Amino acid sequence: MTVDASRDPQTARRDKRIVWGIAGLVAATVLIGALAPSGHKPAALAPADDPACAEWGDGCKVCRRLEAGAACSLPGIACTPGTMACLRATGEP
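First residue of the sequence shown: 440, per the numbering used here; consecutive thereafter.
Rather than coming from a laboratory, the hints here were simulated on the basis of the structure. Predicted, not measured: the structure shown is a model, and the values here were computed from it. Hints should not be assumed to be uniformly reliable.
As the list claims (entries may be wrong) - Derived DEER-like restraints, expressed as beta-carbon distance ranges:
hint	residue 1	residue 2	range
1	W459	A483	42 to 48 Å
2	C518	A491	44 to 50 Å
3	G478	G515	38 to 44 Å
Ideal Cβ positions, reconstructed from N, Cα and C, are used throughout, including at glycine.
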């Protein structure tokens, strides 16, 4: 780093304060971003992946959780599937 003889000490001090101020603002912004709670909610589990869901379906086929794994019905030929949803939770009749 070369020293510029034409710069006076007051300007150098002011420049240092500006640099430290910017560094402080950047650090504060990063800290606030890391510590502030986000509005993002974790994605819900698909019914097939949710161990609390005993039976799920999409209006065309129905799947049931058994000890050996999932067992699903076959859809009809003219069925239009909807959104997959849990139809019965574990412990419900």
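Lying within 44 to 50 Å: is that true of the beta-carbon distance C518 to A491? Violated - the Cβ-Cβ distance for C518 and A491, about 26 Å, lies outside 44 to 50 Å.
Please check whether G478 and G515 have a Cβ separation lying inside 38 to 44 Å. 41 Å, holds
For W459 and A483, compare the CB-CB distance with the range 42 to 48 Å and indicate the outcome. Taking Cβ atoms as reference, W459 and A483 lie about 46 Å apart, which means the hint holds.
Hint compliance for this structure: hint 2 is the single one not met.
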